[in-house]
Amino acid sequence: MGFGLVNIPVKLYSAVEDSTLDLDMLDKKDHSHIKFIRVNEKTGKEVKWENIVKGYDLNGKYVILTDEDFQKASPEKTKHIEILQFVEQAEVDSMYYESPYYLAPEKTGAKAYALLRDALEKSGKAGVGTYVLRNKENIGLIKVSGDALVLNKMRFGEEIRSTEELKLPDANPKATELKMAMALIDQLTEKFDMSKYHDTYSDELMKLIKAKAKGKVITPTPLKVVHSKSKDLMSQLKASLEGGKKKAS
Amino acid sequence: MSCCNLMFNKNHFMENTVTVDKHTLEFTNLDKIYWPKEKYTKGDVILYYEKIAPYILPYLKNRPLSLLRHPNGIEQPAFFHKDAGDNAPQWMTKFEIFSESANKDINYIVCNNKATLLYVANLGSIEINPWNSTIKKPDNPDYIVIDIDPSDGNTFDQVVETALAVKEVLDKAGIDGYCKTSGASGLHIYIPFGGKYNYDQARDFAHVIASLTVELLPDFTTLERSLSKRGKNNIYVDFLQNRRGQTLACAYSMRPKPGATVSTPLEWKEVKKGLTPAQFDFKNIFKRVEKKGDLFAPVLAKGIDLKKALKNLGV
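If you're matching them up, the sequences are chains A and B in order.
Note that this note's numbering numbers the first sequence so that position 231 is 231, with each residue one more than the last.
Note that this note's numbering numbers the second sequence so that position 228 is 228, with each residue one more than the last.
Think of the hints as simulated: they come from the structure by calculation, not from any bench.
Some hints here could point you the wrong way.
Residues from chain A shown here face chain B by an in silico Cβ test under 7 Å; the list is partial [said to hold, decoys possible]:
#1 S230
#2 M234
#3 L237
#4 K238
#5 S240
Pairs of lysine-lysine residues, derived as DSSO-like cross-links and limited to a Cα-Cα distance of at most 27 Å, are as follows [claimed, not checked]:
#6 B:K37 to A:K107
#7 B:K104 to A:K54
#8 A:K11 to B:K229
#9 A:K207 to A:K196
#10 B:K167 to A:K238
All C-beta atoms in this analysis are idealised placements derived from N, C-alpha and C, irrespective of residue type, glycine included.
I would like the entire structure built from these sequences, with the hints used as guidance.
Dropping the structure here:
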């Protein structure tokens, strides 16, 4: 990443991971995996990937886009985060914040990285930069989080919807009511500690899964009782040998 | 052949242009150090392949190659090279096929003679990586491979234990498997398929074998491919090398590893505690093959009966 003549080689790492449990969709009867196929809405017949195109509905008519069209509109993949300016962090509305990425310096950039990080921390400012990721041009905020510099992807202004359509009341509460509300808020004010909050739903679900599994009988000699997943695979394989004789050799 | 022997006296490379079986080859940078510690050179690699040619060529015949080139030795970056390119000699066998992952045609080098083997070695290919299928039947692999791939926290004794677990599964299925050192940190087990089945069936059967193996040793083996999810103490029982286009270092291939180890076929009785891949390198392999012959020959022979094997496994 860089600004002006300064260039700091960095690597990007996702700073977040999903806390939800990974569940698979299965047929109630035999627990086989559910497969998704794409079908033509009119005929109900399956359509293969190579016969599927992307279209944009422009005033009721579809404009079909090809790979060349996408390429033409694609920005140049420069692998560079260009910092355009610095801002006071408080000025940036949190509505714009999207996914955070950790920036780690390459060996040669370690000193410059540390310098930028410490300077940003001391000044309380953040950098605003543009970068290209997955064929899209993005805007991001470069700020400090602990020892790391974080690239926080930001939404574009046009992505934030206006509140026009929401029925929101005007301001002007009574002075005494406002005073009471503020006293209540004050009472419940504590220091912010995120570690107090967990994904309890996933935790509860996991407890349930483990308890259910315990109910099953575990056989001591594994080769005698074949695991159901291996058995499924073997049955499929056997079927392919019997049915698709033309496929083999 | 006799003119080659003269030229291939390591300390007296009189000329770099050599005729090998009627083809002219030009060797370059023969003195370049490829193993900085042991001081083995590029010339050593070429000499090795010249000598081992009769043993290694059967495993390369009619198979497209994926070259892994180490032009500056084992401690410097290497790169994959698949397309023969415009500089490849006319006399070399090549095979053009469309690659989905690269979205274009690739013209692969096919190593059907010693001259091609040495040409490839001269490009800095320390290891040789052929396809599992041949150009005659590109969609049907001649064998499947179970690749026992340890993590940093595993011992080689655990790798041996895993190989023996695979053998147990194969015994139950009533089929034969052949073991070799990968030449790096793991072991390979090859099961002859004889080109009778396609890649999907091959991969699925390998999946079954790997799955049953992991059930035997759940404490330190896994089917988890992702490095971040695997953990430092789990051996990855890899069945995914059984897809078209995937390659593995073949039998008798050198590896770009300390000691210049070689991927060496083993007898099952040798697969026991105490075995280490470091035992087999490019110097001592010759005495070994003289004594034991080519232990891997059955891999290229008759394939198993997949239906029968599945029946024995209970399906």
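**Item:** Pairwise hint evaluation, K229 of chain B against K11 of chain A, where the allowed Cα distance is 27 Å at most
**Value:** holds (21 Å)
**Asked** Is the shortest C-beta separation between S230 of chain A and chain B less than 7 Å?
**Response** OK, holds: S230 of chain A within 7 Å of chain B, min 4 Å.
**Asked** Regarding the pair K37 of chain B and K107 of chain A, is the alpha-carbon distance no greater than 27 Å?
**Response** holds (25 Å)
**Asked** Taking 7 Å as the limit, does the beta-carbon of K238 of chain A come near enough to a beta-carbon in chain B?
**Response** Check passed: Cβ of K238 of chain A comes within 5 Å of chain B, closer than 7 Å.
**Prompt:** For the hint on L237 of chain A, does the least C-beta distance to chain B fall short of 7 Å?
**Reply:** holds (5 Å)
**Asked** Within a Cα-Cα threshold of 27 Å, do K207 of chain A and K196 of chain A meet the stated pairing?
**Response** Answer holds: K207 of chain A to K196 of chain A is near 20 Å, not above 27 Å.
**Message:** Holds or violated: the hint that S240 of chain A contacts chain B, with Cβ atoms closer than 7 Å.
**Reply:** Since the shortest Cβ distance to chain B is 6 Å, the answer is holds.
**Item:** Interface hint outcome for M234 of chain A [beta carbon to chain B under 7 Å]
**Value:** This interface hint holds because 4 Å falls under the 7 Å limit.
**Request:** Please work out if K167 of chain B and K238 of chain A have their alpha carbons no farther apart than 27 Å.
**Result:** holds (22 Å)
**Asked** Within a Cα-Cα threshold of 27 Å, do K104 of chain B and K54 of chain A meet the stated pairing?
**Response** Distance of about 23 Å is within 27 Å: holds.
Figure legend: structure checked against the earlier numbered hints; every hint is met.
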